[in-house]
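Novice: With the sequence shown counted from 1, adding 412 to any position gets you the working numbering.
Straight-line Cα separation of at most 30 Å, DSSO-like style, residue types lysine-lysine; simulated pairs:
#1 545 / 624
#2 509 / 521
#3 534 / 569
#4 548 / 624
#5 703 / 671
#6 539 / 569
#7 477 / 624
#8 465 / 659
#9 477 / 569
#10 569 / 521
#11 624 / 509
#12 624 / 534
#13 624 / 569
#14 477 / 646
#15 521 / 646
#16 509 / 465
#17 671 / 683
#18 659 / 671
#19 521 / 465
#20 684 / 671
#21 465 / 569
#22 465 / 477
#23 683 / 659
#24 624 / 521
#25 545 / 477
#26 548 / 465
#27 477 / 659
Restraint-style ranges between C-beta atoms, simulated for each label pair:
#28 530 / 642: 17 to 27 Å
#29 669 / 567: 53 to 63 Å
#30 598 / 627: 10 to 20 Å
#31 587 / 670: 47 to 57 Å
#32 423 / 456: 43 to 53 Å
#33 590 / 424: 53 to 63 Å
#34 646 / 671: 41 to 51 Å
#35 693 / 477: 45 to 55 Å
Because the hints were derived from the structure by calculation, they are not lab data.
By construction, the Cβ of each residue, glycine as well, lies at the ideal position given by its N, Cα and C atoms.
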Amino acid sequence: MRRLTGRPSSSQITDDEIIEYVNAFYQFDFPENLRLFSNIGTFSFITEANVDKYNIISSDPSSPKFNEIVVSFDGSQESAADIYYNLSPPIYINGRKGFYFQSREEFIKNYPSIGSTDSQLKGDGIKNTYELKFPKSPILAGSVTIGVIDNTGTMIKVVDEPTNRSTGNWLISNSQDQLPGSINYLTGEADVTFPNVIPIGNEITFTFVPYKPNVPQAILFYDNVLTIRPVPDKPYPVEFNAFLTPKALLKSLDNPTMKQWWQYIAYGTAKKIFEDSQDQEGINQIMPAFKEQETLVLYRHIVQQTHERVATIYSPTTDGGFFGLPR
Numbered sequence: 413m414r415r416l417t418g419r420p421s422s423s424q425i426t427d428d429e430i431i432e433y434v435n436a437f438y439q440f441d442f443p444e445n446l447r448l449f450s451n452i453g454t455f456s457f458i459t460e461a462n463v464d465k466y467n468i469i470s471s472d473p474s475s476p477k478f479n480e481i482v483v484s485f486d487g488s489q490e491s492a493a494d495i496y497y498n499l500s501p502p503i504y505i506n507g508r509k510g511f512y513f514q515s516r517e518e519f520i521k522n523y524p525s526i527g528s529t530d531s532q533l534k535g536d537g538i539k540n541t542y543e544l545k546f547p548k549s550p551i552l553a554g555s556v557t558i559g560v561i562d563n564t565g566t567m568i569k570v571v572d573e574p575t576n577r578s579t580g581n582w583l584i585s586n587s588q589d590q591l592p593g594s595i596n597y598l599t600g601e602a603d604v605t606f607p608n609v610i611p612i613g614n615e616i617t618f619t620f621v622p623y624k625p626n627v628p629q630a631i632l633f634y635d636n637v638l639t640i641r642p643v644p645d646k647p648y649p650v651e652f653n654a655f656l657t658p659k660a661l662l663k664s665l666d667n668p669t670m671k672q673w674w675q676y677i678a679y680g681t682a683k684k685i686f687e688d689s690q691d692q693e694g695i696n697q698i699m700p701a702f703k704e705q706e707t708l709v710l711y712r713h714i715v716q717q718t719h720e721r722v723a724t725i726y727s728p729t730t731d732g733g734f735f736g737l738p739r
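Given the sequences, and given the hints that come with them, work out the whole structure.
Specialist: This is the structure:
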């Protein structure tokens, strides 16, 4: 690295800085430049009963929320999205091939979440705390809204915030202001305390989405959230194809996934160093060798892919065949 960049002294670039540049190229640039067969892996997780949404980005991977997916990587907990990228079909749910969607419109068309409305509860002009038993349950977490006009003439709009797979709290809509009370999604029992008294006769309107848990069949991947339908009735293993982020190279004896890549990584790292120092001449000098190494790395991937022809509608398949024979 020092020879490639013309920086033989640690006063010009330290060993720690070189390691940082190496991993910046190896973990972020390399996987985006070349989508290699060697970096393909299986992303898997297990559903929870009555939990339909799974976030692959965690606000705090060391202490994830109940519906956030984290993985162990390089000795620490990381968001799944930082390790697995470009999730792709086929997907398998409990060993069976499932339906994969990236279009929210198509997903909702096939698996609509039809809401219900309840306005039986009315203000009594005295209190601001009310209890409710929803007519249908279980209820989809994150689907509940409350609307009511209080004694000041203000329309109070409330939404639920799931805290675990069975219960949630209340928030004023479009804010982080919490209201006292809770909801049990499984039993349909709820209580809420409004900021002010509700005048007598004023309707307290609840909207919600009831559901029937079952074996999942389909997954929507949208906005870094995996939404599952039907809502799982119990834990099920789920598997995707995905590209893996390479593990960091932190020690002198650490090797990349394929030792063949070392020259490509060296030239790529040198290129990043030259880019940061705005040395266009240095970039121009190493680009031919960088491209040559890139071609050599890619060649192995191409040879691997030649063992399998491009799939068409006429390709042999065992799906739906008799006794496992192609149809």
